[in-house]
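S.K.: In case you want the letters, here they are:
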Amino acid sequence: MNNVLDIVYWIPLLPLLGCIINGLGRKNLSKGAIGFIGSGVILASFVLSLWVFFQVRGGNVHTAEYFPFINVGNLKIPFAFQIDQLSAIWLLIITGIGFLIHVYSVSYMHEEKPVHFGRYFAYLNLFVFSMLLLVMGANFVIMFIGWEGVGLCSYLLIGFWFKKKEYSKAANKAFIMNRVGDLAFLIALFMLIHKLGTTTFSEIFTSASLAKLSGKEMTTITLLLFVGATGKSAQIPLYTWLPDAMAGPTPVSALIHAATMVTAGVYMIARANLMFAMAPATLNVIAIIGIATALLAATIALKQNDIKKVLAYSTVSQLGYMFLALGSGAYVAAVFHVMTHAFFKALLFLGSGSVIHAMGGEQDMRKMGGLSRYMKITNITFLLGCLAIAGIPGFSGFFSKDEILAGAFAKSPVLYALGLFGALLTAFYMFRLYVTTFKGTFRGTDEQKHHLHESPAAITIPLVILAVLSVIGGFVGVPEFIAHGAHALSGFLQPVFKEAYAVLPKHEVEHSTEWGLAGLSSVLVILTVIIAWARFSKKPDLQAATGFGKILENKWYIDELYQGVIVKPLNMLGSFLSNVVDKKVVDGLVNGVGRLVRYGGRQLRWLQSGQTGSYILMMVLGMVLIFIVQFFLRK
Amino acid sequence: MNAVLLSGLLGVVMMFASFLFRTKAPVRILAILGMAVLLVANVLDTKGIHFFHVNTTGFLSFTGYALFFNTIVIACTLIFFLISSKDMQKVGNHYAEYFALIFFILTGIFLVTAFTNLLILFIGIEIISIPLYILTGSAKKDLKSNEAALKYFLMGAFSTGVMLMGIALIYGATGTFDITKMNIAGLLKSNLLTAGMLMLLFSMCFKVSIAPFHFWTPDVYDGAPNVFTSFMATIVKVGIFVGFLHLFYTAFDAIALQWKIWMAVLAALTLLVGNITAVFQQSVKRMLAYSSISQAGFMLFALVAMNETAHEGLLLYAIAYCLATIGVFGIISKMTDYSFDGFNGLAGHQPLVALCVAIFMLSLAGIPLSAGFLAKFYMLKAVIQAGGYMWLVIFGVLMAAVSAYYYFRVIQAMYFKEGPNHFSGISAFEKCVLVGICVLIVFTGLFPNIIFGWMYF
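Chains as they are written, first to last, in my numbering: chain A, 320 to 954; chain B, 32 to 488.
If we strip away everything but chain B, and leave its shape as in the complex, we get:
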């Protein structure tokens, strides 16, 4: 409960920060400090120290898993602030408000990971979505940004409608919004329930860009300012994913036969579309948008498997994917040309930065010794353990092989090609952060047990 209220509060504080400070540096420092405080508060929450005592019975339930995941989300956001908060200045004048919106989004994520009531799920999703529409369109004078925001809003509204319809149908079938109290075992044959469940599935798939509900993703990610693409492609996506897993694990496990096959089919379709299309992109940013679709396909494996390993795997995936993608976007935000050609010869101009990008790409591709490898490994292992979807595992491995093509293209461009410098410079502090991310990626890849150790302390 600490994190939910505190992040909402911090959001309000940040809204007023622009009145308090004339320059931008204090705003940034305040935001980073606020995020650090949020991290501490959440860790204290996991240790059983609660600042607020609010009775949330029937609405929210903070399990150890959810709290640990929230810690990861906050830590990743903190890293995101450290590496990208300066670049947010380039977007527009409302610097403090951007931070405020991000704090609000975090509030939404905390709700989505801990809800026990469908209404809270809906509210959480909306708290996440509406600030995202604004952030997407925050580069007010950039037509692409405006177009992206409008598209995102239109399609988001559509998916909201679908979700509400689904919740309504489920209410009609079960008579309750509380997912712990639905007596689903008695409603195995209820078409009303199945239809509602499927509509919820569609709308959640939309939010995490699962094909064929992914069409907004490339346009929005491409149009939005780089820094915000980084945030919404990583933290927001894995946050909603955990909610997705939580929803189906808690509410619909009894009718798993009805939807599991769809998860598998959609995962395969997403992997196919994401990877194949990514191969053709000329812009690294757009390639990353498709890569985020294909990575979502892998994360959907957790919903196919639905076991202990899947829960662990999703956490690992969240860490591996967020760290690497935040790192890459942190660098892209500092580049004047972010097509593949823009990366040509980067190893010569910026050896350290190029090395970091290489590590991020290797992790995204799932090369051993990186966190990305273990994440993929856990996902495949989870599905194998669950049994029955061997074809999906094989397909996933093949698609991972395809993904190596476009990730390695970046490495190839940096190391084996010549080109002018498109990199606009990076501070020593940001370099340290980049190296820190790399260390974390390799560390997680080598000692995943330590991460799980924290989870089950």
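Pulled out of the complex, with its shape left as it was, chain A reads as follows:
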């Protein structure tokens, strides 16, 4: 073996093997063995991914065809993997953070029975496998398999504690909303097959191939793909499943519903960057939906009291920023934010998991407070995570968010202003969360207070690693105006996006302007943090919300709106179809046909009399009839 790129298939294969072993052996293996296998395969994948990464950095881009997957007529879809700069980054995020979360889970889930423990790790490994398939696939079909696979795993893990009915309902909601998006993705896929006759990325994303699509077709396809992305990446209008998805175990929220799966939509659009760059109308839609989602979710997060719900809306909001970046044509910024967000949001979720663990399952912030005295490591790492997401200069979130805002400014100052406003909201709600949870006095029961403790090493070590990454992760993308040529990520991703950048309209922003924008946002964010800190450490936000706050607490009543406008009418239609159309019309028709056949059969049977003479008579009649028609009627 002289090149790791020849054996990239092991990267997804190992988690699949882990899933099979843990899934089949869940009744026989000990918890230790399950945890070891589950985490070990991901570690091995991570090592391979790291190796792959350095190969790719050395300029080795790789496509491998393994076997023909679908061959129908002229359509040939191979089972093929594509390893380039973009997928290499995702590989590192998925396996790296995935590994940390597997380790964390060993401790977090230790109270489960071995059977369920095995089931959990089997699902988690299956998820990693599907996600890897999604990013490694060299065509839309393989990507779609991964796409559906992660959706399935997400469903299984949200409903992991399926005995609680609301958890199963949350799982259903996630699955169904995702299916709506998937349908759009599928239609886009079929249109591509119809128009271009291929689904392979390297064949579609060339100027010559895309020139075969008219502007209208390009816009339609990209819009449909974007609708697919809104489902998986929780954007307006398909975002409401993500907050409910917090029903799953917290490590799952960290891995699937913050760091990896929800960025699949970003990955897909980044993968199809050239096509989107050639559809300016779609880019506008993406930017608008992105900023709208960012603001809507941020406002909702202001008034949530469940620690995981705040983080969930924060995730939706941050995903909105990524789409704002994509819509502004700042692809690198989007990928950059995916990366830094993966660090700090995984950190925050795992930190909240540590808190929930210590609180004995309590998730309501109003019953916490003053935890910093009991959980030193969790406290510090969580604070670092908050600083990173708020975008304090020097932390990773600062660099990526600033790059997004600069991109938005280049597209339109209005987008920039709204984006900045959202960033301030982010800082505000994050420090509301932090201060309410970790500062002040403890507001829970005495029993909980007695129980408070720092979590074990399997939980704190991943926290520390993620905290370090959240702090320094931004330095791979130091902006051009601070130090020339220091944006390592941009240089690394350049081959993936260069054609799209050539197509996109150029908006050069002066370095001095960028300094001004960055300075402005930094000052405002720091101010907001101070205000939030001062306000909530004095008087925590405990009483029931009133007026506008109540609207925010109830999430703008969007769920109720969907329930009334979409779900109820559909249910009514469904019961109408099942009670009236199906029972009366369809069944009646089917039974009628059956009765007709029986009747006809009974009549035809009389013809079979057994009399040779009558048989011959009928044959002759048939002949005569045909003769008459042939010679006298047909001309």
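By construction, these hints were calculated from the structure, which means they are not laboratory data.
Treat the hints with care, as some may be off.
Said to hold, decoys possible - Each computed SDA-like pair below joins lysine to any residue, with the alpha-carbon atoms no more than 25 Å apart:
1) B:Lys412 / A:Ile512
2) A:Lys902 / B:Ala435
3) B:Lys175 / A:Gly932
4) B:Lys220 / A:Val948
5) A:Lys514 / A:Glu818
6) A:Lys817 / A:Ala530
7) A:Lys903 / B:Leu429
Unchecked claim - Cβ-Cβ distance ranges computed for the label pairs, FRET-style:
8) A:Leu944 / B:Lys462: 42 to 52 Å
9) B:Gly379 / A:Lys514: 48 to 58 Å
10) A:Val886 / B:Lys462: 55 to 65 Å
11) A:Ala777 / B:Lys462: 55 to 65 Å
None of the values given here were measured: they were computed from a predicted structure.
All residues carry an ideal CB built from backbone N, CA and C; glycine is no exception.
We have chain A; now place chain B onto it with these hints.
M.R.: Relative to the frame of chain A, chain B by itself:
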């Protein structure tokens, strides 16, 4: 040419086998060996190795298609021998003669698939028919068998008359019996030709039991001994079908407008009559007789389409239909009660046999992954490609859905009902043959390309 002469020769050898051997086992072994030799000889013929050099110009022409089809026919007959030859002993004492007659019938089929002269067609059809009359009546002490033979003979004679009349009219119009030399394009308006062509169509339809010329079929199939019903419902029928296709494809293509609509109408009528009546049968054997009528309706699609796909489809249909039907009859011959109730609870008594029957039924119904599905698929595809008969395609699909009803009734009886064992036992070897047939059915359903690969090697 190898197969025609050799099978005639083998027929004569089998006639004398009863004098040579006192017991029946050697006769059977001789027949099976003879069939194997015939298979090898025919395959060699396709590879260009000819044992006999006879000038047949103007009478016979062995195309690759005909030879490949003959291979299928011989292979199916061999499978038929393997699974049913023991049961032929139950029919009567003239064991060796039955084999002889079957070899003669094969000779007839080879002639019918390769003729270029209407006289050869007539001779071939008669060589097929006359031994069939005898086989139908071979259970001499069974009144039903006697009645069936007589009916078959009377109506067969009638259809022979029609065919001869047709050939005579065509000769009158064209002045030749050679179908490659008829200048039909110049006779588009000739009523003499059209009438002759229609009479040929009627008589061929009679032989492959197309409605309204199908009335003999249920009575004859029901009356004839099981083993021979199996043979005549499958191998003989598809053999004549290939001749039918060959005749109209070669001779009457130029006046296709005159007869294509009749093919479509008759196909639809046959599907209707066959399927609707099959729904009502209480006996599986009689149900299979009607099913063979409805399957013939599907095969007639090939004559509506008349293209490359139709030729391929007819081959697939021949394989799928023959294998499944031979398999089912092989099992029916071993049952004491072959009504639907007789199959009750078979899955409990004979799980393997029941599984095989289920696969045969699924294939006959045209369920995907079976050869039967692909066969139907190709027929529908052929008609769609040919264009203009979309209504027939839709009707065919609907009728295929109806057919699922009576095929599934057998499966339902075997698996979901209880009943005493009516199965008289089966040897390990025959079980292997049954499983082999199932494997072939699924294999053909999965990899039809391999079959076509052999065809166009």
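S.K.: Evaluate each hint against the coordinates.
M.R.: A quick look at each hint next to the structure:
no., hint, verdict
1, B:Lys412 / A:Ile512, "holds (22 Å)"
2, A:Lys902 / B:Ala435, "holds (23 Å)"
3, B:Lys175 / A:Gly932, "holds (18 Å)"
4, B:Lys220 / A:Val948, "holds (16 Å)"
5, A:Lys514 / A:Glu818, "holds (22 Å)"
6, A:Lys817 / A:Ala530, "holds (18 Å)"
7, A:Lys903 / B:Leu429, "holds (22 Å)"
8, A:Leu944 / B:Lys462: 42 to 52 Å, "holds (50 Å)"
9, B:Gly379 / A:Lys514: 48 to 58 Å, "holds (56 Å)"
10, A:Val886 / B:Lys462: 55 to 65 Å, "holds (57 Å)"
11, A:Ala777 / B:Lys462: 55 to 65 Å, "holds (59 Å)"
When each numbered hint is compared with the structure, no violation occurs for any of them.
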